[in-house]
Amino acid sequence: MKFMFRRRAALTAALVLAWMPVSQAQAQTPHKVRYEEVVRSVLYVPMYVGIQKGMFKDAGIEMSMKTSQGTDKGMAALLSGSADIVLIGPEASIYVANSESPIKPVVFAGLTATDGFLLMGRKPEPNFDWKQLKGSKIMSFRPGSNPDIFLEAALRKKGLDPKKDVTLVSNIGPAARTGAWLAGQNDYATFLEPEASSLEKQGKAFTLGAVGKEVGMVDYTVFTTTDAYLKKNRAAVQAWTQAVAKAQQYTAAAPAAELADLVGSYFTGLSKAELVSAIERYQQLQLWKKTPMVEKQAMDQLQDMLVQGGVLEAGKKVDYARFVDMGLVQNLAQK
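Heads up: the sequence shown is residues -27 to -1, 1 to 308, going by mature numbering (1 follows the signal peptide of the UniProt record, and there is no 0).
Bear in mind the hints are in silico, worked out from the structure with no lab data behind them.
Please note that a few of the clues may not be correct.
[To be verified] Derived pair list, reagent style DSS-like, types lysine-lysine, alpha-carbon separation capped at 30 Å:
1) LYS30 - LYS289
2) LYS77 - LYS205
3) LYS204 - LYS289
4) LYS263 - LYS177
[Unchecked claim] Beta-carbon label-pair distances, calculated as ranges:
5) PRO97 - GLY242: 32 to 42 Å
6) ASP138 - GLY27: 48 to 58 Å
7) PRO228 - ASN71: 35 to 45 Å
Predicted, not measured: the structure shown is a model, and the values here were computed from it.
Note that beta-carbon positions come from the ideal geometry of N, C-alpha and C, so glycine has one too.
Assemble the whole structure, with the sequences as input and the hints as a guide.
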């Protein structure tokens, strides 16, 4: 643990050097990158900060951005060649690594330190205990997806069997979840910000807990490309990693109100006060990584969770080096 702490501290200090200006050549020949995020969420504030502060542009990146509405769709876009870099859960890369796909995804930088979903109920429960969920229906996500796997892990840590003690409803698509909740479906649900704040504002849902707080620090969303794209466009992916590192450092140091001013245009349905509150909530939960490093220990823990969830055979765990390349992050520390 002491070694890992020193390693992270050294990397954090070294990443300050990533604020160095890019060359004139980079500015003249930008890297065109087609990017897809999994959903639009306050969970990804550091990414929006990087865009709004011009950090990607300064790194020589000319970006187009889409929202894929699901890790499965983001991975499909990556494998089909319609996206160059995607922000998705690392579990998708593990699944593809075990498949017959000739194209292999590569995780090259991390953004969020753990799950940002909030457990919500239909009424305030000041003395809420997770064991009260027994016998209830909880709106979750597609089986095997990160939101589903992390929720199952949280339930297990609280002494509940997610296969027997609760019913996880997993057949509602990401875009339809809020509507389903408002229509009265399910007893409990998990929501990201800004949906959580919006539902609270309407008095339609009340926050009872945080999934990531129960699970601990296990990388939840990561920047992913393909092995072929990385080989051909390593300079572009290196520039992207540099911009991510800058954005993480800035986000870690900035107050919530400043961040809300920067990213408000991405969340037009929220007032500034609501957005500040959502950002403060995520700051308190320490959801945003301070460096892009994705540690082997975290990926090992994720694969243990996948095995416990019954979506990965114990004998098919994927070696860290087969789906994660931290060389670009390490390059930043060497500058």
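Evaluated hints:
Straight-line distance between C-alpha atoms of LYS30 and LYS289 comes to about 40 Å, which puts the hinted pair past the 30 Å bound. For the given pair, LYS77 sits about 14 Å from LYS205 by alpha-carbon distance, which is consistent with the 30 Å threshold. Annotation: proposed proximity of LYS204 to LYS289 holds, straight-line Cα distance about 26 Å (limit 30 Å). For the hint linking LYS263 to LYS177, the alpha-carbon distance of about 34 Å lies beyond 30 Å, and the restraint is violated.
Between PRO97 and GLY242 the beta carbons are some 23 Å apart, a value that contradicts the proposed interval 32 to 42 Å. Roughly 49 Å separates the CB atoms of ASP138 and GLY27, a value that falls within the hinted 48 to 58 Å. Take PRO228 and ASN71: their Cβ atoms lie about 43 Å apart, and the range 35 to 45 Å holds.
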